[in-house]
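K.L.:
Which chain is which? The protein sequence lines are A, B and C, in order.
Following the numbering used here, the numbering of the first sequence begins with 499 at its first residue and continues without gaps.
Following the numbering used here, the numbering of the second sequence begins with 499 at its first residue and continues without gaps.
Following the numbering used here, the numbering of the third sequence begins with 499 at its first residue and continues without gaps.
Heads up, a few of these hints could be off.
Which copy? The list can't say, so a pair holds if one copy fits it or any two copies do.
Here are the simulated SDA-like cross-link-like pairs (lysine to any residue), alpha carbons at most 20 Å apart as the crow flies [as the list claims (entries may be wrong)]: (1) Lys502 x Ser539; (2) Lys764 x Ile647; (3) Lys759 x Tyr569; (4) Lys583 x Ser599; (5) Lys603 x Glu547; (6) Lys708 x Gln642; (7) Lys708 x His641; (8) Lys759 x Leu629; (9) Lys501 x Asn762.
Source of the hints: derived by calculation from the structure; they are not laboratory data.
Computed from a prediction, not measured in an experiment: that's the story for all the values here.
Chain by chain, the residues run as shown.
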Amino acid sequence: MRKKIWEYVIAVRESAPLVHNITNYVVMNTTANALLAAGASPIMAHAQEEIEDMVNICQSVVINMGTLDPYWSQSMLLAAECAHKHNKPFIFDPVGTGASSYRNKIASAILALRPTVIRGNASEIMALASLNPGKTKGVDSTHQSNEAIIAGQTLVRDYGAVVCISGATDIILSGNREVHLNNGHPLMTKVTGLGCSATALLGAFSSLGKDIFETSVAATALISIAGEIAAEKSSGPGSLQLNLLDTLYTLTEQEFDKRLKLTNIK
Amino acid sequence: MRKKIWEYVIAVRESAPLVHNITNYVVMNTTANALLAAGASPIMAHAQEEIEDMVNICQSVVINMGTLDPYWSQSMLLAAECAHKHNKPFIFDPVGTGASSYRNKIASAILALRPTVIRGNASEIMALASLNPGKTKGVDSTHQSNEAIIAGQTLVRDYGAVVCISGATDIILSGNREVHLNNGHPLMTKVTGLGCSATALLGAFSSLGKDIFETSVAATALISIAGEIAAEKSSGPGSLQLNLLDTLYTLTEQEFDKRLKLTNIK
Amino acid sequence: MRKKIWEYVIAVRESAPLVHNITNYVVMNTTANALLAAGASPIMAHAQEEIEDMVNICQSVVINMGTLDPYWSQSMLLAAECAHKHNKPFIFDPVGTGASSYRNKIASAILALRPTVIRGNASEIMALASLNPGKTKGVDSTHQSNEAIIAGQTLVRDYGAVVCISGATDIILSGNREVHLNNGHPLMTKVTGLGCSATALLGAFSSLGKDIFETSVAATALISIAGEIAAEKSSGPGSLQLNLLDTLYTLTEQEFDKRLKLTNIK
């Protein structure tokens with residue numbers, strides 16, 4: 499798989515997929531720039547009147563419920579339905595699931611529409627699998643990613659999604675596969691929107707029409723390795739943010755391959 | 499004109515015009531910082547209850563329909579009407595025109611209110627002139643700017659606007675004038691919101707009360723030259739973003755003049 | 499107090515307080531990153547269905563009315579009410595008060611709910627104290643901070659708040675105390691959202707459960723000193739933005755203490 503995942507990085511750069519994002523206000527700029535730096539082309543549009551048109555011209559749909567409200571929640575559900583209708587992959591980032599009962603209700607409704615890929619931190623994945631409120635401390639995880647493996651496997655089994663659990667170790671799960679990635683850097687948790695950027699990249703990579711598990715590993719490896727390289731050059735979270743975009747744009751196969759710490763669990 | 503356009507850059511720095519922006523969520527931070535770096539003062543306000551007050555205290559109005567929805571569309575139309583009522587220039591950025599029929603409908607309604615200046619990429623200007631859906635690939639142009647000259651001339655003739663077509667060559671059109679600018683850098687297309695920042699600067703420069711065609715050339719030249727200088731110092735789109743703001747703030751007449759590639763077509 | 503305020507900086511880093519922000523679109527990313535860099539953990543959520551849940555899990559609430567509209571205004575008022583109900587400090591940033599009568603009406607309603615801390619520039623504090631429209635030039639101050647002391651004292655007396663007036667000199671007022679801080683740098687006014695970031699930090703520091711006047715001095719000193727150090731390293735507003743985040747993250751007691759220009763007026 500090591501060889502193939504770099505090919506996916508190149509394929510995104512060459513095909514410049516259009517990715518339709520309904521995401522949160524805090525990270526829109528960050529995730530649009532991450533998509534551009536990785537070679538994709540972002541669209542951000544939430545008006546219900548145009549969602550079907552937008553899904554139709556895009557290659558994938560990213561739904562991130564960070565700053566949801568009643569109007570945006572409806573837009574997210576509509577986009578998920580349109581993704582199925584037009585046969586486009588849709589990625590779900592259940593930001594802050596567990597922090598409020600309203601958020602849990604919306605997460606549950608989006609989940610029922612069977613996302614192609616789900617990405618969250620351990621607390622979010624555990625809250626999503628149980629949908630019991632009160633288990634999340636806001637939007638930052640209070641758990642290690644390996645604590646969420648059983649919850650992730652539940653989501654895989656019940657909804658047929660590939661599940662990515664972000665953390666010091668990133669864990670990618672599908673029905674019969676499990677990969678662990680040990681890239682990244684702790685400083686990445688001090689910049690808002692890098693998890694959301696990972697989700698956006700999952701959208702870009704899902705549009706390649708290849709094995710969704712493998713492209714999900716590739717997207718996760720790309721941002722983790724770029725973040726790791728960027729963090730080593732940075733004197734704090736401000737410079738990390740810009741170095742990450744520069745590195746996403748300039749990363750070479752040699753550097754990627756040298757850094758990649760991928761373990762096939764099964 | 500070369501001499502005068504630098505004088506406009508200085509005039510914005512010295513007069514610090516207040517620019518009222520109704521723009522999209524993705525670029526609000528970027529365009530506010532671009533306005534500040536160029537010496538202007540941004541206001542972002544979309545509540546219909548306060549639009550007339552805001553237009554009244556500002557020197558110009560910028561309407562960018564990137565992340566439009568029904569409420570924001572009404573705010574945009576109201577701001578355009580208030581701009582006429584209070585005799586302030588209003589700039590229109592028809593982001594993504596052609597990508598959905600809803601977007602076309604709103605673009606058409608804003609256009610009917612006769613913007614002072616219209617800025618878009620070639621695909622947007624062509625879609626706006628024809629208002630036939632389906633000609634745009636999302637928000638990035640699939641055409642070169644010179645392919646859109648006839649479309650731009652149609653907008654000039656039918657709506658009396660100055661039209662700026664962004665691209666590798668920036669083209670500025672009015673009833674009897676046409677200027678081509680060959681500044682800028684390809685890396686600028688890998689940062690979200692630089693076109694929107696150009697539109698915001700068009701707002702700042704339009705507030706000077708000078709010839710709108712000439713101030714539009716000046717605003718376009720400023721961001722293109724600043725982007726070109728910034729890109730040459732940058733190792734990717736992340737550093738470009740910050741170097742652009744630094745350069746907008748520090749650019750000197752000497753540097754500007756040395757770089758400026760302006761062709762008077764007529 | 500000098501010794502104690504550094505202890506508050508450390509206490510925020512160590513306790514990583516959750517801060518619930520209802521703030522404006524322009525600065526959400528900037529203020530979330532400022533909170534993270536200072537060691538706090540931001541939540542941004544505005545849906546009325548989840549505000550009480552969010553206030554309940556957070557340690558403090560920040561209300562910034564920059565891009566208010568009818569829905570968001572209701573969310574702000576609800577969050578302020580929940581802050582009282584759940585006994586959490588709430589910080590109010592009256593962005594642009596005086597610029598429209600609608601904005602004045604909402605500012606007045608939020609003020610009536612008795613914020614724990616109010617932070618604004620001199621024009622905003624003066625407009626808030628008088629609630630006469632038309633005294634503000636947009637969102638940038640047209641007054642020096644010391645011109646607003648009487649207005650600030652009026653707010654202290656009538657609403658029981660600690661009042662922070664930002665400017666070249668930052669002034670912090672409570673019933674019987676007044677501190678002036680002479681840190682910061684003029685370049686900070688060329689980056690959008692640094693005042694809003696100061697407000698967000700006031701939220702983080704208010705959550706420590708210590709003397710609110712002293713923690714407000716600490717939050718204000720932290721961002722002013724970090725901004726001053728960052729500006730000296732920067733070649734313009736773009737690099738200032740990232741250097742500020744880096745400095746918030748890495749600032750040491752020695753550097754803080756060497757820079758701190760604090761005057762106890764009373």
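K.L.:
Go through the copies and call it for Lys708 and Gln642: within, between, both or neither, with a Cα cutoff of 20 Å.
P.N.:
neither (30 Å within a copy, 32 Å between copies)
K.L.:
Under a CA distance limit of 20 Å, which applies to Lys764 and Ile647: within one copy, between copies, both, or neither?
P.N.:
Only inside one copy: Lys764 and Ile647 sit 13 Å apart there, 58 Å across copies, limit 20 Å.
K.L.:
Evaluate Lys502 and Ser539 at a C-alpha cut-off of 20 Å and name the case that applies: within, between, both or neither.
P.N.:
neither (22 Å within a copy, 37 Å between copies)
K.L.:
Can you give me the call for Lys501 and Asn762, within, between, both or neither, at a CA distance of at most 20 Å?
P.N.:
Intra 14 Å, inter 52 Å, cutoff 20 Å: intra-copy only.
K.L.:
Between Lys603 and Glu547, at a C-alpha cutoff of 20 Å, which is it: within one copy, between copies, both, or neither?
P.N.:
between (24 Å within a copy, 11 Å between copies)
K.L.:
If the cutoff is 20 Å on CA atoms, where do Lys583 and Ser599 land: within, between, both or neither? Let me know, please.
P.N.:
between (29 Å within a copy, 19 Å between copies)
K.L.:
For Lys759 vs Tyr569, is the C-alpha pair at or below 20 Å within one copy, between two copies, both, or neither?
P.N.:
neither (41 Å within a copy, 47 Å between copies)
K.L.:
When Cα atoms must be at most 20 Å apart, do Lys759 and Leu629 count as within-copy, between-copy, both, or neither?
P.N.:
neither (32 Å within a copy, 51 Å between copies)
K.L.:
If the cutoff is 20 Å on CA atoms, where do Lys708 and His641 land: within, between, both or neither? Let me know, please.
P.N.:
neither (31 Å within a copy, 29 Å between copies)
Hint compliance for this structure: hints 1, 3, 6, 7, 8 are broken, all remaining hints hold.
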